[in-house]
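**Student:** Spelled out, the chains give:
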Amino acid sequence: MSQASDPKLSDPILSVKDLVVAYGSVRALHGISLEVYPGELVSVCGVNGSGKSTTLKTIAGILKPQSGQIIFSNKSIAGKKPEQIHKLGVALVPEGREIFPSLTVAENLRIGAFGRYSAKQFTLDLEDIYALFPILKQRINQAGGLLSGGEQQMLAIARALISHPELLMMDEPSLGLSPTMVDTIFELIATLKERKITILLVEQNAERALQIADRAYLLSTGHVKFAGQPADMQSTVDITAVYLGEGKGGEL
Amino acid sequence: MNSAKSTWTRFIDSKYSTPAILITILIVLDSFVWWLNIPFIEDICTVATITLIMVLGFQLFMGNSGILNWSYAGYIGIGAFASAIFSMTPEFKAKQIPVMYEFLVNLHLPFPLALIAGALFAALVAAVIAWPLMRLTDSVGAITQFALLIVINTMLNQWQEVTNGPRTFTVSMGRITDIWLALFVAVLVILAVFWFKESSVGLKLRASRDDRYAARSSGINIIAVRYYGYVTSAFIGGLAGGLFAHYIVSITAMAFYMGEVFVLLTMTIIGGSMSVSGAFFGTLLITVSQQLLRQLESIVTRSGFEASGTTDIVLGLLMIGFLALLPNGVTRGKELSLSAIKRFLRIGNNRQKQSKGLDQKPSN
Chain A
2 MSQASDPKLS DPILSVKDLV VAYGSVRALH GISLEVYPGE LVSVCGVNGS GKSTTLKTIA
62 GILKPQSGQI IFSNKSIAGK KPEQIHKLGV ALVPEGREIF PSLTVAENLR IGAFGRYSAK
122 QFTLDLEDIY ALFPILKQRI NQAGGLLSGG EQQMLAIARA LISHPELLMM DEPSLGLSPT
182 MVDTIFELIA TLKERKITIL LVEQNAERAL QIADRAYLLS TGHVKFAGQP ADMQSTVDIT
242 AVYLGEGKGG EL
Chain B
40 MNSAKSTWTR FIDSKYSTPA ILITILIVLD SFVWWLNIPF IEDICTVATI TLIMVLGFQL
100 FMGNSGILNW SYAGYIGIGA FASAIFSMTP EFKAKQIPVM YEFLVNLHLP FPLALIAGAL
160 FAALVAAVIA WPLMRLTDSV GAITQFALLI VINTMLNQWQ EVTNGPRTFT VSMGRITDIW
220 LALFVAVLVI LAVFWFKESS VGLKLRASRD DRYAARSSGI NIIAVRYYGY VTSAFIGGLA
280 GGLFAHYIVS ITAMAFYMGE VFVLLTMTII GGSMSVSGAF FGTLLITVSQ QLLRQLESIV
340 TRSGFEASGT TDIVLGLLMI GFLALLPNGV TRGKELSLSA IKRFLRIGNN RQKQSKGLDQ
400 KPSN
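Sequence lines, in order, name chains A and B. For the first sequence, our numbering gives the first residue as 2, with consecutive numbering after it. For the second sequence, our numbering gives the first residue as 40, with consecutive numbering after it.
Next up, chain B with everything else stripped away, as it sits in the complex:
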């Protein structure tokens, strides 16, 4: 493995080809969409790129620790509001949200810094409350995170001196995030999430997911590694929330609730929750199917038959189907790598047909 082979062969055989492939696909896709210059498609693609960041952060904790983190949408929300409060000018804030605390009105940072500050704030909130929760596993852990989501959401939705309460919170008069910024952050996050998975903390976290007791008797402090994963995940969620807030421009707390977690969860499960590639392709597949279904929905509705909501029903059914038949998703928990593609191409047509059939399922 370490002698005569060229750097290129070693790169193909190594796992580091995975982020390279994912990043290439993303850059090609986003650039192509930008070149097409159709606002409707560019809009979908920008939101999808931001959603990808959300899913990657979600997968970082859930995929490596095996714990379903409902509270994740809460951290997206915290990042969204916090970055908006940092980026808005005091005059604009005073006009938009007259009831806001004086010290919040006076906070102001340039946009890129505001984005990072918002993400750091989400990570800080996670860092303060998460330690005792990291002791809980399985359904108890998931229920606790669910309760935490309700707490965070209620605060975002009711604390009108901070978030304008249940009323719309206007971040700016025009879009600040564009497709290039979303792409830039997504590339960094792909690298970060992949690096985390391969780091010693990520490896320990994956070991604890496989077998808690064997992990502890191999000297792993499970609570600590979960904690690092959770806080990192909250940071990425907060970052995505900030990008989202500065793209959508007017936000409410209800955008960061159960429905949002469910979409992220569907993407993660259908892609395959155990791999970064899974998060990537899950986001891609679900975004495409969602858009196609929405189009279909509106065509049917226009023809006089009320069909709104069908998209969500189909996505729900899709998730049930995958959990029952293909619980590790389309990637089967593996990473897409150049060597995997090489192997795949060598195998005969038979296998190829089979797995094509699987890939196409979501768009049916």
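Chain A on its own, in the form it takes in the complex:
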């Protein structure tokens, strides 16, 4: 926690500078910069189309940046292949619970562990995963596609966790889940934060995300509108205006 409360004591594990990303001729990110320090939970908020997912996908290597820098653990990873970036310790929990539906729960977890750790380590980690997600133990030999939405989300998070990531990125983990399941997922994120796992969390549910974040960024149409303490975000930025369009917000 000491690192998180006073981040300037260490170097950032992830540092993004002036990142520009475009889908064809349409620019999604107009030069955003953000930093994540070891052990921190950083939340990126913003409406649909503000560039949150684009940011994560670019860091993970699924999208290629037009310009800008991405430094992870003192290495430039901008434009590298996703599999190379994963080997360096960046795990992405993709939006929409992209698990492997025809593989069993156990196989999904094995995929997460490939390349980074030994089989023996995997067995140990599996016990740990079962402790965090008891439901996955019950379903270990079922096909991933047969799980409920919330269980699939847990599996996606577990798959990312089992690779012991230096940085865990989650893209809208609460999207499309029942209110109870949303609670469960946020409790889980809080547990991971207590374990000092560095997390970059993208959420539309800004209220919940800001409650647990150490620091937060607010994106709007590909620009960073705010960066700092979550508590300050409400006071310095007219969030309603950012969320509901520029102009006279709040008069609804």
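Derived by calculation from the structure, the hints in this document are not laboratory data. Backbone N, C-alpha and C define an ideal beta-carbon position, used for all residues, glycine too. It is possible that some hints are incorrect.
[Unchecked claim] Some but not every residue of chain B turned toward chain A, in silico, with C-beta under 7 Å:
| hint | residue |
| --- | --- |
| 1 | Leu-242 |
| 2 | Arg-245 |
| 3 | Ala-246 |
Starting from the known structure of chain A, fit chain B onto it as the hints suggest.
**Tutor:** This is chain B only, laid out in the frame that chain A set:
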């Protein structure tokens, strides 16, 4: 899962019961046919066992990667010709194919080694050309493989110094492959294909079939795992081609073309392309229906009504029907295991009737 249960219970519950069941069925079937000693049925059964090897190799790549591999018949052909060139004696080759290159005429290996050398050669060809093709997925991938099949087939069909061109290529004066050899290789291939599916490469390949992007961001090099699958598949295809050539004894390049891929594809789809059990039962079902339909066809034709070709039409319709109604085939993409049979027996008569109805469809 790891404590008090006996080895036997653990075996029943594990996925390793699948190859054991498939191998048992195959051995019982082939031995029974051999014991019957009716040449006509033994012939069908030997060809079916060789075809099973072909389908298993086809399923190994298509089932695990999700990419339709048209070029597969090309590798069967390469394996067939290559193993024949290795196994034939120089004198026999010089007599049969006078135009053959001198260095090919002088090559000679004993039959079992020739079979393996032919398969290795097919795998080598795949290894040399496949890497750039593994980047392509979906319809683009299938079209590229189709084009590759045409290239390979044209070479086999025209390169008369190697394959005797479009003329018949006589491998030997009598059959060399018998039902026991086909059975022996099929058992090994069932084990190999199952092992591949469960290996880390197979698992990664299946993950890439489910979701390319999630697979890559889980650290999987998709091109590499596809490449290993493709080359392994070409090896098994080449092996089956060699057995086929030494059974049929006189071959032409046109035997290894689109028609062949279509039959293998029908077997894979109707069985269920996602599982090894699917390849197994697909081969069994289609072979039986093909034979029954052929009999029917000749009876009708003898009665004065021209019916030749009906078999292919029915098989085509069957494939359309399955793709529309049961795209995962009779196995629904699952493996047959002892625990699945146990579960199946426990469920009441209702379910049993339903799925019996499904199993019988192909023979209608």
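**Student:** Broken hints, numbered, in rising order?
**Tutor:** none
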